[in-house]
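2 protein chains.
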Amino acid sequence: MSHARIVQVERDILGENDRLAADNRAFLASQRILALNLVSGPGSGKTTLLVRTIDDLKDRFPIAVIEGDQQTAFDAERIRAAGVPSVQINTGKGCHLDAHMVGHAMERLRPQPQSLLFIENVGNLVCPAAFDLGEAGKVVMLSVTEGEDKPLKYPDMFHASTLMLLTKIDLLPHVPFDVDRCLEYARRVNPGITMLQVSALSGEGLPAWYDWIEQNRLNAGAATAAVSAAQGS
Amino acid sequence: MSHARIVQVERDILGENDRLAADNRAFLASQRILALNLVSGPGSGKTTLLVRTIDDLKDRFPIAVIEGDQQTAFDAERIRAAGVPSVQINTGKGCHLDAHMVGHAMERLRPQPQSLLFIENVGNLVCPAAFDLGEAGKVVMLSVTEGEDKPLKYPDMFHASTLMLLTKIDLLPHVPFDVDRCLEYARRVNPGITMLQVSALSGEGLPAWYDWIEQNRLNAGAATAAVSAAQGS
Numbered sequence: 002m003s004h005a006r007i008v009q010v011e012r013d014i015l016g017e018n019d020r021l022a023a024d025n026r027a028f029l030a031s032q033r034i035l036a037l038n039l040v041s042g043p044g045s046g047k048t049t050l051l052v053r054t055i056d057d058l059k060d061r062f063p064i065a066v067i068e069g070d071q072q073t074a075f076d077a078e079r080i081r082a083a084g085v086p087s088v089q090i091n092t093g094k095g096c097h098l099d100a101h102m103v104g105h106a107m108e109r110l111r112p113q114p115q116s117l118l119f120i121e122n123v124g125n126l127v128c129p130a131a132f133d134l135g136e137a138g139k140v141v142m143l144s145v146t147e148g149e150d151k152p153l154k155y156p157d158m159f160h161a162s163t164l165m166l167l168t169k170i171d172l173l174p175h176v177p178f179d180v181d182r183c184l185e186y187a188r189r190v191n192p193g194i195t196m197l198q199v200s201a202l203s204g205e206g207l208p209a210w211y212d213w214i215e216q217n218r219l220n221a222g223a224a225t226a227a228v229s230a231a232q233g234s
Numbered sequence: 002m003s004h005a006r007i008v009q010v011e012r013d014i015l016g017e018n019d020r021l022a023a024d025n026r027a028f029l030a031s032q033r034i035l036a037l038n039l040v041s042g043p044g045s046g047k048t049t050l051l052v053r054t055i056d057d058l059k060d061r062f063p064i065a066v067i068e069g070d071q072q073t074a075f076d077a078e079r080i081r082a083a084g085v086p087s088v089q090i091n092t093g094k095g096c097h098l099d100a101h102m103v104g105h106a107m108e109r110l111r112p113q114p115q116s117l118l119f120i121e122n123v124g125n126l127v128c129p130a131a132f133d134l135g136e137a138g139k140v141v142m143l144s145v146t147e148g149e150d151k152p153l154k155y156p157d158m159f160h161a162s163t164l165m166l167l168t169k170i171d172l173l174p175h176v177p178f179d180v181d182r183c184l185e186y187a188r189r190v191n192p193g194i195t196m197l198q199v200s201a202l203s204g205e206g207l208p209a210w211y212d213w214i215e216q217n218r219l220n221a222g223a224a225t226a227a228v229s230a231a232q233g234s
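Heads up: the sequence lines are chains A and B, in that order. For the numbering used here, add 1 to where a residue sits in the first sequence, where the first one is 1. For the numbering used here, add 1 to where a residue sits in the second sequence, where the first one is 1.
Take these hints with a grain of salt, some might be off.
A pair counts as met if it fits within one copy or between any two copies, since identical chains are not told apart.
With a Cα cut of at most 20 Å, we get these calculated EDC-like pairs of lysine to aspartate or glutamate [said to hold, decoys possible]:
1. Lys94 with Glu11
2. Lys59 with Asp179
3. Lys59 with Glu78
4. Lys94 with Asp60
5. Lys94 with Asp57
6. Lys59 with Glu205
7. Lys59 with Glu185
8. Lys94 with Asp181
9. Lys94 with Asp171
10. Lys59 with Glu17
11. Lys59 with Asp171
12. Lys94 with Glu205
13. Lys94 with Asp179
14. Lys94 with Asp150
15. Lys59 with Asp13
16. Lys59 with Glu215
17. Lys94 with Glu215
18. Lys94 with Asp212
19. Lys59 with Asp24
20. Lys94 with Asp24
21. Lys94 with Asp56
22. Lys59 with Asp150
Just so you know, these hints were derived from the structure itself, not from any lab.
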C-alpha cells in the first residue's frame, strides 16, 4: 500500500473526528459545561487524582466523568463510588478516545448545565494528542516516577496541552527527578503551558489545581455568555 | 469513510508489516542473534534497566540496541555511553516501531553474529502490541508505581509478551502495589507469561533476568542450528 494512501486515510479519519468534535464543543458551550480531557501514560495517577478531586469539589458544582480504557470498567466503578455519574468507554484494540465515542457517551451521561465534565483518556502519551474531543483543553499528567525527559520525548502531547500536572510529588524524595528541568523541557515544546505540582495522596498542591478549574469554569461561562449575546444581537 | 474501509487499511498495513517482520526474523536466525522487543508505558525504566544490563553483560557477548522514541536521541546516547552500538529511530507522530523501520536500523547497526539485540520500543502500552518486528519475544515492563491493574486494562500487550519485568521494586515500600494480584491479572490474560521482579537501582532480581537472557540465547542458537541441519540434510 502506498504511503500517500495511508496519509490520505489518516486525513480522512482526522477530518471526520474534527467535525464530530465541533458538534461536541457546540453542545458543551450551549450548556456552559467545562470539559477537560485528561491525558497521560499508563499509571500516572489520573484516576486517583480524579477521585480525590471529586471528593473535594462535588459539593461546589455538579461533576460527571467519561472513562476511557482498552478494557475493564474499574475506573468508572471507582468514580461512581466517589459519588458522581460516570460512563466507561472500552476502546478494545483502540489506543485513544475519539469525538464519536465521546458524543455517544455524553448522550448516555447527560451532564448537567454548568457542570464539570472530566474525560479520562486511554493511558497513552502519543495517540490521544491528535484527537480533538471537543474539550476546552487537554490536561497532561506526568508522574515524578516517569522521568523529566518526557516532554521532549513525547512533544506532541505536551504541545497540545493547556495544563501540565506533575503528579505523585510525595515520591520526590525517593526518585531522581529534576522538576525545574522538566518545566524547562515542557516550555521548550509549549512556551504557554502552565505546570502545577500535586499529590493526590498528601493533598499537596491541590488548592492550586482547584483554583485553576474554578477559573476555567468562569471563563467557560463568560465565553459562552459572550457568544450567546453576539448570536442574539 | 466507512468502517469497513478502515479495517481493510489496517489489515493491509499489518500484512505488509508481517512480511517485513518475517524478513527480519530470517536474518536474525541466520546470524543466531537473539532480538528482544522491550515494550512498556513511558517512564517504566526501560533505558535505565538497559544501561545496567549492558554494564553487567557486555563482557560476556556482543550487545547492540535499536532505540525508538517520537523525538530526541537521548536514549541512544545513553546506550552508546554504556559502551555498545546503538541506532535511534524517531517515529515523529508515530506511536510504535514497525518491521520496516527495524529492518533499516539493522542495516545501519550491523549487529554481530550470536549477539544480543535489544529493540526499545516507543513508550506505549497499546500500539506496539500489534506490530511484530521479527523479534524472538516481547518483554513488557511495568513499574510498581503504575498500579497492579495494568495487565487487565492493557490486555493486548500482556497477552503478546513472553516475559513481564516488574521494575523499580526498590519503590515498593513507598507505593500501594500488590505484586501477587498483578501476577494474577497478568496470568488471566496470558497464562504462560513469566514474571521477574527487578530494580536497576539496587540490583535486586537482576541475576534472574540475566539467566533468562542466557537461556534464550542458547535456545536461539539451538533452534537455528536445528533449522540449519534440517535444511542442509
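Which hint numbers doesn't this structure obey?
2, 4, 5, 7, 8, 9, 10, 11, 12, 13, 15, 17, 18, 19, 20, 21 and 22
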